[in-house]
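Heads up, the sequence shown is in the working numbering, so the first residue is 681 and it goes up one at a time.
In case anyone wonders, no lab produced these hints; they're calculated from the structure. Any given hint could be a false lead.
Unchecked claim - Now the in silico label distances, taken between C-beta atoms and shown as ranges:
1. THR749 <-> PRO719: 32 to 40 Å
2. THR710 <-> ILE682: 30 to 38 Å
3. SER747 <-> PRO701: 17 to 25 Å
4. TYR702 <-> ASP744: 25 to 33 Å
5. PHE686 <-> GLY745: 31 to 39 Å
6. GLU696 <-> ASN738: 16 to 24 Å
7. ASP726 <-> THR755: 14 to 22 Å
8. VAL743 <-> GLU696: 12 to 20 Å
9. LYS693 <-> LEU730: 16 to 24 Å
Glycine included, C-beta positions come from ideal geometry on N, C-alpha and C.
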Amino acid sequence: DIEIIFEEGGYGKISEGCDAPYDNISWQLTNNRLDIQIPSGDLNLDITQLTRSSMKGNDVVQVDGRSVTITYSLTRR
681 DIEIIFEEGG YGKISEGCDA PYDNISWQLT NNRLDIQIPS GDLNLDITQL
731 TRSSMKGNDV VQVDGRSVTI TYSLTRR
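Using the sequences and the hints given, assemble the complete structure.
Rendered as structure tokens:
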């Protein structure tokens with residue numbers, strides 16, 4: 681499980697696994713786009729669904745020279 685904690689002012693923390701330590705992140709929400717800078721690589725989500733308790737977004741990445749779309753689902757705890 682990945683846990684992301686969004687704090688005010690565009691900062692927060694991320695834990696990328698059950699026993700993984702927390703790393704600092706920065707984030708920015710503009711229009712229908714959420715950009716998150718994390719140590720393992722940036723997430724640039726085009727938001728496709730947004731409610732008070734969840735968000736879905738697509739990130740297009742390059743894998744072996746091909747564009748691949750990854751869909752992320754974020755749920756508020």
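Cross-check of the supplied hints:
Checked against the hint of 32 to 40 Å, the pair THR749 and PRO719 fails, with Cβ atoms roughly 23 Å apart. At roughly 22 Å, the beta-carbon separation of THR710 and ILE682 lies outside the given 30 to 38 Å, and the hint is violated. In this structure the hint that SER747 and PRO701 lie 17 to 25 Å apart at CB is violated, the actual value being about 32 Å. For the pair TYR702 and ASP744, the supplied restraint of 25 to 33 Å holds, since their beta-carbon distance comes to about 31 Å.
Checking the proposed 31 to 39 Å range against PHE686 and GLY745 shows it holds: the Cβ atoms sit about 33 Å from each other. Look at GLU696 against ASN738: about 20 Å separates their beta carbons, and that is inside 16 to 24 Å. The beta-carbon spacing between ASP726 and THR755, approximately 18 Å, falls within the hinted interval of 14 to 22 Å. Distance hint check for VAL743 and GLU696: the Cβ-Cβ separation is about 19 Å, which falls inside the suggested range of 12 to 20 Å.
For the pair LYS693 and LEU730, the beta carbons lie near 22 Å from each other, so the given range of 16 to 24 Å is met.
Figure legend: structure checked against the earlier numbered hints; hints not met, in rising order: 1, 2, 3.
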